[in-house]
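S.K.: Sequences and hints are given; from them, build the entire structure.
Heads up: the sequence lines are chains X and A, in that order. Here the first sequence is numbered in this note's numbering, starting from 12 and rising by one per residue. Here the second sequence is numbered in this note's numbering, starting from 12 and rising by one per residue.
Note that these hints are calculated values from the structure, not bench results. Among these hints, one or two may not hold up.
Looking from chain X toward chain A, a few residues come up when the C-beta cut is under 7 Å (computed) [what the hints assert, rightly or not]:
id: 1; residue: I24
id: 2; residue: V25
id: 3; residue: A27
id: 4; residue: D28
id: 5; residue: K31
id: 6; residue: A49
id: 7; residue: E50
id: 8; residue: S52
id: 9; residue: W53
id: 10; residue: A58
id: 11; residue: L72
id: 12; residue: R73
id: 13; residue: L76
id: 14; residue: T80
id: 15; residue: L156
id: 16; residue: S160
Yeah, the Cβ is synthetic: ideal placement off N, Cα and C, and Gly gets one too.
Residue strings, one per chain:
Protein chains: 2
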Amino acid sequence: MSTDRLSRQIAFIVEADKLKAIERRTPLTDNSRQENSAEHSWHMALAAMTLAEYAPAAVDLRRVLELVTVHDLVEIYAGDTFAYDPNASAHASKAQRERDAAERLFGMLPADQAVYFRECWDEFEAAATREARYANALDRFQALLLNMSSGGGSWKTHHVKREDVLRRMAPVERETPELWPFVVDVVERFFGGRTL
Amino acid sequence: MSTDRLSRQIAFIVEADKLKAIERRTPLTDNSRQENSAEHSWHMALAAMTLAEYAPAAVDLRRVLELVTVHDLVEIYAGDTFAYDPNASAHASKAQRERDAAERLFGMLPADQAVYFRECWDEFEAAATREARYANALDRFQALLLNMSSGGGSWKTHHVKREDVLRRMAPVERETPELWPFVVDVVERFFGGRTL
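M.R.: The structure is reproduced here in structure tokens:
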């Protein structure tokens, strides 16, 4: 072990602490505050374990857990872009901001590990492998559970439309179809003005 | 898929959201607030990935990630017991409180999954497998990084003694010996009154 190698690894872990300060638009279930991206990532890992039987066939849970742990790290520098932001320029600049952030953050690590973490993030973003597709579906589904439990959450606060929620939830229908009737029921109750 | 099965799984994921409200004694690196147990669990997962080369030989990273995701969940009902609490009765009652919490929380799940999550938690607690021993070392090491980065953190606030920190860090020496010189250096700097 080189001391420089360990120093870089420790600096990366310490820097990653900043993800706990990145606020999402989704509130906690008790509406006490907004969720942050670090605890959201943990909650996705727990959901990945709990809902594994609905994942695409032969999904590798280890890879899913790696992807969810890494998927939001770039927000430390790039910030969280609200999924329902009506401002198109926020989404247009998102990809470049996040790629720059990935260079900077993963570049703190020894070269072999910079590649490993970058591959995790790229894989999640591309949503091409079954593990990344499942992780993306969980990202949407976990947010739905918080919005449901907090009486509407970010849908209510930001006046999101029914069709935008359903479009956002499309990966759930595609990757974890057994969860889809539940999603539709939650959306219909909320937009039908019934109790969630 | 039975609707009842999915309902129980969803109720469990929603209930687990409460871990985000369980405060630890350790502050974030910028000292802005105390860390919560959900984001701590995520940070341990990231550390598990980053420091894997120092883990006991042939450690199964998938199992490590499962263990760290589950290891603090019982605190939802049992609360966080401060590692350096001088009150012996807090530690004496901890085991029973946490076992009761595990029954209650994992009992929300379908029976097969109650067993799976309970086994994760028991495995972490027993620290008998190499995965659980690595996870326990990470639990200590991650707290050291936060205390180091925040200028002393819970060691300073609670006037913890040098020998108590070293005793608490013993799993790091035992399971990840290559990290031990770094731990000793941090402890010597802090207790020697030098800059961390």
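S.K.: Give a verdict on every hint.
M.R.: Tested hints:
| no. | hint | verdict |
| --- | --- | --- |
| 1 | I24 | holds, 5 Å |
| 2 | V25 | holds, 5 Å |
| 3 | A27 | holds, 6 Å |
| 4 | D28 | holds, 4 Å |
| 5 | K31 | holds, 5 Å |
| 6 | A49 | holds, 4 Å |
| 7 | E50 | holds, 4 Å |
| 8 | S52 | holds, 5 Å |
| 9 | W53 | holds, 4 Å |
| 10 | A58 | holds, 5 Å |
| 11 | L72 | holds, 6 Å |
| 12 | R73 | holds, 3 Å |
| 13 | L76 | holds, 4 Å |
| 14 | T80 | holds, 5 Å |
| 15 | L156 | holds, 6 Å |
| 16 | S160 | holds, 5 Å |
In this structure, every one of the numbered hints holds.
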